[in-house]
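With chain A fixed as given, assemble chain B onto it according to the hints.
Keeping their order, the protein sequence lines are chains A and B. Going by the numbering used here, the first residue of the first sequence is number 36, and it counts up by one from there. Going by the numbering used here, the first residue of the second sequence is number 559, and it counts up by one from there.
None of these hints come from the bench; they were simulated from the model. Source: prediction; values computed, not measured.
Computed footprint of chain A on chain B, listed as stretches where at least three residues anywhere in the stretch have a Cβ under 8 angstroms from a Cβ of chain A: (1) 599 to 611; (2) 662 to 668.
Across the chosen pairs, the derived CB separations fall in these ranges: (3) B:Gln-600 / A:Phe-145: 23 to 31 angstroms; (4) A:Thr-40 / B:Gln-618: 20 to 28 angstroms; (5) B:Thr-575 / A:Ser-105: 51 to 59 angstroms; (6) B:Ser-573 / A:Glu-50: 41 to 49 angstroms; (7) A:Leu-42 / B:Gln-587: 32 to 40 angstroms; (8) A:Lys-103 / B:Thr-575: 47 to 55 angstroms.
Some chain A residues well away from chain B (every beta-carbon gap over 12 angstroms; in silico): (9) Val-46; (10) Ser-49; (11) Ala-52; (12) Leu-53; (13) Val-54; (14) Ala-89; (15) Lys-93; (16) Gly-97; (17) Lys-104; (18) Glu-106; (19) Thr-107; (20) Ser-108; (21) Ser-119.
Idealized CB from N, CA, C, for every residue including glycine.
This is what each chain is made of:
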Amino acid sequence: AQSVTQLGSHVSVSEGALVLLRCNYSSSVPPYLFWYVQYPNQGLQLLLKYTTGATLVKGINGFEAEFKKSETSFHLTKPSAHMSDAAEYFCAVSDTDKLIFGTGTRLQVFP
Amino acid sequence: GAVVSQHPSRVICKSGTSVKIECRSLDFQATTMFWYRQFPKQSLMLMATSNEGSKATYEQGVEKDKFLINHASLTLSTLTVTSAHPEDSSFYICSARDGSRGNQPQHFGDGTRLSIL
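Next comes chain B alone, as it looks inside the complex:
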């Protein structure tokens, strides 16, 4: 149980393109989803917390207009990297929590490798 599906797994596109990444909880309802960015050989950096039906909460230093997050249903959150540039190249990982309490674990997708040329 507790499977999170993330698509696409890899994206290569030109500078200036907008890229959408989907995160789905397949067998549970996720009121809260999280988006992380991971640089090579580093830990995960939380970008934003996504709550179903409300605006996402962004971490300090993360541009809201650059990284658009939508959480339209209890099983789907999307991250859109708008007008992507080479510095946006990274590994993006989503997670979903089955419940609203901090003692419940987050379940992670397999990540999206974004490469901007």
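Bound-form chain A, shown alone:
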């Protein structure tokens, strides 16, 4: 069975600082991995995805994530946080049909 673990339910950074949101997965087959962002009272927006190929994936809003098979990780990073990045972030792994979500990480950005 596939699963996702997001370490840290809350992450706080200063504006302009590096953002690092951690995601580890468990999968018996090559995984498809996704990061989504959720703003208050809204649905989820796709930030980026990894399926095959290049392990460093660039997404929208300056975010990127690196698939590391040896570490079973897919951490999300952004070099410089912006106030508008404050939101809930979900890592997800896909089997042939469903998305399995992590528990989410709330990112706070302080001025």
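Frame of chain A; chain B shown alone:
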């Protein structure tokens, strides 16, 4: 591209009322749509997978007769919460996948906040 529209965004109604929520893929055809429920400060819980032209597949513990799902076309799926009670109050989110393979992302609607008085 890949826009999913979900309506209504908010519903407040009395206990015993049935509520219908619509999920539309606006610029692509979705053979598969998904319905999720999200409790405050928690992750998304998959309720059911909806396939166009066939019966929905419900997750364990989700009452089929309570949460009726219809996927009559490639762009529309509906979730009807029948005889809603206060414990059904929640944030319901739909998603649609452009294609049938797991490597294709799901695109989400903006959710429906359901409040049962």
